[in-house]
Amino acid sequence: MPAITLPDGSVRHFDAPVTGATVAASIGPGLAKAALAMKLDGRLVDLSTEIAADAQVVFITRRDDTALEMIRHDCAHVLAEAVQALYPGTQVTIGPSIENGFYYDFARNEPFTTADFEAIEAKMREIIARNAPFVRSEQDRNAAIAFFEAKGERFKAELIRDLPESETITFYSQGDWIDLCRGPHMRSTGDVGTAFKLMKVAGAYWRGDHRNPMLSRIYGTAWRDQKELDAHLRMLEEAEKRDHRRIGKEMGLFHMQEEATGSVFWHPKGWKLYRTAESYMRRRLEQNGYEEVKTPQLVDRALWEASGHWEKYRENMFQAQVADEDKTLALKPMNCPCHVLIFRQGLRSYRELPLRMAEFGACHRYEPSGALHGIMRVRAFTQDDAHIFCTEGQIAEETVRFVALLDSIYKDFGFESFRVKFSDRPEKRAGTDEVWDRAEGALKEACAIAGVEYELNPGEGAFYGPKLEFVLRDAIGRDWQCGTLQVDFVLPERLDAEYVGEDGNRHRPVMLHRAILGSFERFLGILIEQYAGRFPLWLAPVQVAIATIVSDADGYAAEVAAAFKAAGLAVITDTENAKIQAKIRRHSVDHVPVIAILGRKEAENGMVVLRRLGVEAQETITLEDAVKLLAAEATPPDLARLK
RNA sequence: GCCGCUUUAGCUCAGGGGUAGAGCAACUGAUUCGUAAUCAGUAGGUCGUAGGUUCAAUUCCUACAAGCGGCACCA
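Just so we're on the same page, the numbering used here is the position in the first sequence counted from 1, plus 9.
Treat the hints as calculated values from the structure; they're not laboratory data. Watch out, some of these pointers could steer you wrong.
What the hints assert, rightly or not - Simulated crosslink set (DSBU-like; lysine-lysine; CA at most 30 Å straight-line):
id: 1; residue 1: K236; residue 2: K42
id: 2; residue 1: K637; residue 2: K278
id: 3; residue 1: K209; residue 2: K236
id: 4; residue 1: K132; residue 2: K236
id: 5; residue 1: K430; residue 2: K209
id: 6; residue 1: K209; residue 2: K160
id: 7; residue 1: K281; residue 2: K250
id: 8; residue 1: K209; residue 2: K250
id: 9; residue 1: K652; residue 2: K637
id: 10; residue 1: K42; residue 2: K132
id: 11; residue 1: K250; residue 2: K278
id: 12; residue 1: K250; residue 2: K592
id: 13; residue 1: K652; residue 2: K278
id: 14; residue 1: K574; residue 2: K592
id: 15; residue 1: K637; residue 2: K592
id: 16; residue 1: K637; residue 2: K588
id: 17; residue 1: K250; residue 2: K303
id: 18; residue 1: K430; residue 2: K321
id: 19; residue 1: K420; residue 2: K258
id: 20; residue 1: K206; residue 2: K48
id: 21; residue 1: K209; residue 2: K132
id: 22; residue 1: K574; residue 2: K652
id: 23; residue 1: K420; residue 2: K281
id: 24; residue 1: K236; residue 2: K206
id: 25; residue 1: K160; residue 2: K132
id: 26; residue 1: K321; residue 2: K453
id: 27; residue 1: K592; residue 2: K610
id: 28; residue 1: K430; residue 2: K420
id: 29; residue 1: K206; residue 2: K42
id: 30; residue 1: K281; residue 2: K574
Unchecked claim - Just the calculated beta-carbon pair ranges, DEER-fashion:
id: 31; residue 1: L648; residue 2: E628; range: 22 to 28 Å
id: 32; residue 1: D234; residue 2: N118; range: 35 to 41 Å
id: 33; residue 1: I581; residue 2: L465; range: 45 to 51 Å
Positions of the beta carbon are idealized from the N, C-alpha and C atoms, including for glycine.
Working from the sequences, and respecting the hints, build out all of it.
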């Protein structure tokens with residue numbers, strides 16, 4: 010007879026097997042009402058699950074994060090029922106909960122449009138109001154396949170066919186509607202609540218494979234209550250305002266146009282931001298033992314054939330021919346082969362290792378049209394690329410050094426946290442298992458030493474070696490790989506890089522491919538969103554706007570501007586015949602971090618009124634102090650540390 | 001590349017088979033006004049590109065391009 014242990018340590022005894030609902034009711038009517046599901050010995054199950062033996066039980070209520078996931082999953086089921094009710098003949102496939110919501114993939118000849126949402130949502134509300142219980146049942150495998158095939162649900166039938174033989178096939182019904190599902194679910198459709206909204210439609214390949222048919226995916230968001238939903242929708246609206254494409258336009262940082270799809274036209278202010286970041290990176294690399302090089306844009310295909318890129322990536326390379334020569338050149342899609350060519354000039358000694366060769370390498374890749382995204386994913390980009398030529402024994406130490414540098418640089422740019430993914434050996438790979446064991450081992454060891462916590466990303470490594478990916482998130486919640494560190498045993502072999510070791514013999518170096526920002530374009534895009542265009546002083550393309558109140562202060566404004574410029578500050582002077590309110594608004598909208606306001610009083614006393622972006626409070630100080638203050642504040646963080 | 005949507009003034013957007021409209025910005029004039037929009041006036045458009053239907057297309061249809069949202073891809 011089951012003895013049930015609750016989280017507070019108390020034990021309840023029952024004479025016969027009981028369901029979770031009964032246990033909850035025995036504890037109190039409040040819990041009976043609130044319990045949506047339970048964890049039975051740590052396993053999430055339906056509340057209706059029968060407990061026959063002694064067990065630990067934790068009830069899940071709406072407050073739990075687990076409940077939120079269940080709301081979303083159940084909401085996906087409700088969506089599927091609604092869609093099949095409204096659009097007969099539509100096949101169901103899968104519908105998981107995801108971050109902030111859920112989706113469901115349907116197979117239907119005619120795709121959905123957002124215009125269908127109103128009707129679908131209304132039907133969903135009906136289904137939820139009906140409050141039909143979710144009922145679990147186990148099915149025989151063949152009967153289940155036959156059941157779905159009879160209904161014309163070939164995708165579901167395929168899913169079951171591909172489940173391992175050992176798997177129990179379970180169905181869940183909600184009223185008349187029934188679906189294959191592992192579960193668990195909440196008690197009934199009413200538990201979903203009404204705080205949901207359909208968001209967008211999209212195409213998605215069946216099972217994520219582009220050779221498969223394309224399904225019609227509906228995304229939705231779902232929350233515990235209306236307040237949470239409203240907050241989420243408001244957050245999305247705010248995120249839209251941070252979009253780098255919008256801010257880039259508003260602040261006049263860059264633009265893109267059809268004549269150069271996937272390439273950025275940097276405007277003066279955007280280029281200033283770019284150069285600030287580049288100068289900073291150059292200093293950090295120099296401080297950290299890197300040597301900068303510059304290699305050709307156009308390189309004969311022979312090099313790409315030798316490196317293996319021609320075979321694998323030719324379709325994605327821009328090629329160039331010249332009339333007089335029978336040659337095919339390619340715009341470099343990456344810098345590593347060229348770096349090996351530099352390494353190969355002259356005889357290298359083990360004493361030179363590790364040799365850290367850096368380049369702000371401008372690369373071109375013919376990315377698929379659908380992959381392009383603002384300046385985050387482009388066809389022409391510049392990497393803060395470097396290759397570390399080292400021995401196998403140096404991999405761990407170089408990794409530790411790299412991670413420390415990356416961490417410090419991300420912090421300087423205002424990124425306090427980031428995700429790290431460890432991508433290990435892919436199915437198709439070069440090199441022996443033994444080499445992979447050593448490479449992965451060295452990387453793991455380095456992560457342990459550096460205190461890097463990572464998520465395993467199995468099978469996603471480069472074909473030549475394992476890699477670490479450093480991921481930053483944009484305003485809308487999309488993740489982008491920025492930094493990377495890749496261990497490569499293959500390219501040195503292919504391009505015949507070698508050094509003379511201590512023993513007097515020739516050896517192959519290992520190459521570590523590494524980037525911190527990744528590409529300037531992507532990193533700056535994320536940086537724009539991170540700050541919503543309100544950059545710290547050292548990054549701001551325009552640092553101070555000098556605004557006069559009356560034209561009598563124009564002469565003084567010129568003097569102030571000259572003093573600021575002499576201190577290295579980027580200044581604009583606004584002596585237009587307009588009200589000071591209007592000028593403040595104008596420069597605030599432009600995200601200028603500091604507005605220096607000059608009236609008659611200031612001109613007479615040699616003072617400056619400083620007003621910070623978005624702050625009403627202001628300080629009145631002497632011109633001399635203002636120059637000192639702002640110059641200090643505008644010092645890049647690495648240089649500030651040296652002081 | 002695939003699915004869907006979008007493309008009208010510098011920007012944000014409205015409109016709709018009879019050759020276009022607002023706000024902001026721009027320009028001109030007045031205003032010198034102390035902390036997030038002073039007032040008035042003027043100018044501004046091959047309605048993404050190319051075809052087709054029509055007496056007539058910016059509007060309807062087709063193709064293409066670019067952008068957006070996903071999927072796939074990302075050396």
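To see whether the hints hold, each was checked on the structure:
1. K236 to K42: Holds, at roughly 21 Å.
2. K637 to K278: holds, 24 Å
3. K209 to K236: Holds, because 21 Å separates the two Cα atoms, which is no more than 30 Å.
4. K132 to K236: holds, 22 Å
5. K430 to K209: Between K430 and K209 the Cα gap is close to 29 Å, so the pair holds against 30 Å.
6. K209 to K160: holds, 28 Å
7. K281 to K250: Distance ~22 Å between K281 and K250 Cα, so the pair holds.
8. K209 to K250: holds, 19 Å
9. K652 to K637: With a Cα-Cα distance of about 14 Å, the restraint between K652 and K637 holds, given a limit of 30 Å.
10. K42 to K132: Holds - the C-alpha atoms of K132 and K42 are around 26 Å apart, at most 30 Å.
11. K250 to K278: It holds: about 19 Å lies between the C-alpha atoms, which stays within 30 Å.
12. K250 to K592: holds, 22 Å
13. K652 to K278: holds, 28 Å
14. K574 to K592: Within the cut-off at roughly 20 Å; holds.
15. K637 to K592: holds, 24 Å
16. K637 to K588: With a Cα-Cα distance of about 28 Å, the restraint between K637 and K588 holds, given a limit of 30 Å.
17. K250 to K303: This hinted pair is violated, its Cα atoms lying about 38 Å apart.
18. K430 to K321: This hinted pair holds, its Cα atoms lying about 24 Å apart.
19. K420 to K258: holds, 27 Å
20. K206 to K48: Roughly 28 Å separates the two Cα atoms, so the pair holds.
21. K209 to K132: holds, 17 Å
22. K574 to K652: holds, 21 Å
23. K420 to K281: At roughly 21 Å apart (the allowed maximum being 30 Å), K281 and K420 satisfy the hint.
24. K236 to K206: Roughly 13 Å between the alpha carbons, so the hint for K236 and K206 holds.
25. K160 to K132: Since the Cα atoms of K160 and K132 sit roughly 22 Å apart, the hinted pair holds (cutoff 30 Å).
26. K321 to K453: Given pair K321, K453 holds - Cα atoms ~28 Å apart, limit 30 Å.
27. K592 to K610: Measuring from Cα to Cα gives roughly 18 Å; hence the hint holds.
28. K430 to K420: Between K430 and K420 the Cα gap is close to 19 Å, so the pair holds against 30 Å.
29. K206 to K42: Roughly 25 Å separates the two Cα atoms, so the pair holds.
30. K281 to K574: holds, 15 Å
31. L648 to E628: 22 to 28 Å: Because 24 Å falls inside the window, the suggested range holds.
32. D234 to N118: 35 to 41 Å: holds, 37 Å
33. I581 to L465: 45 to 51 Å: holds, 50 Å
In summary, the one numbered hint that this structure violates is 17.
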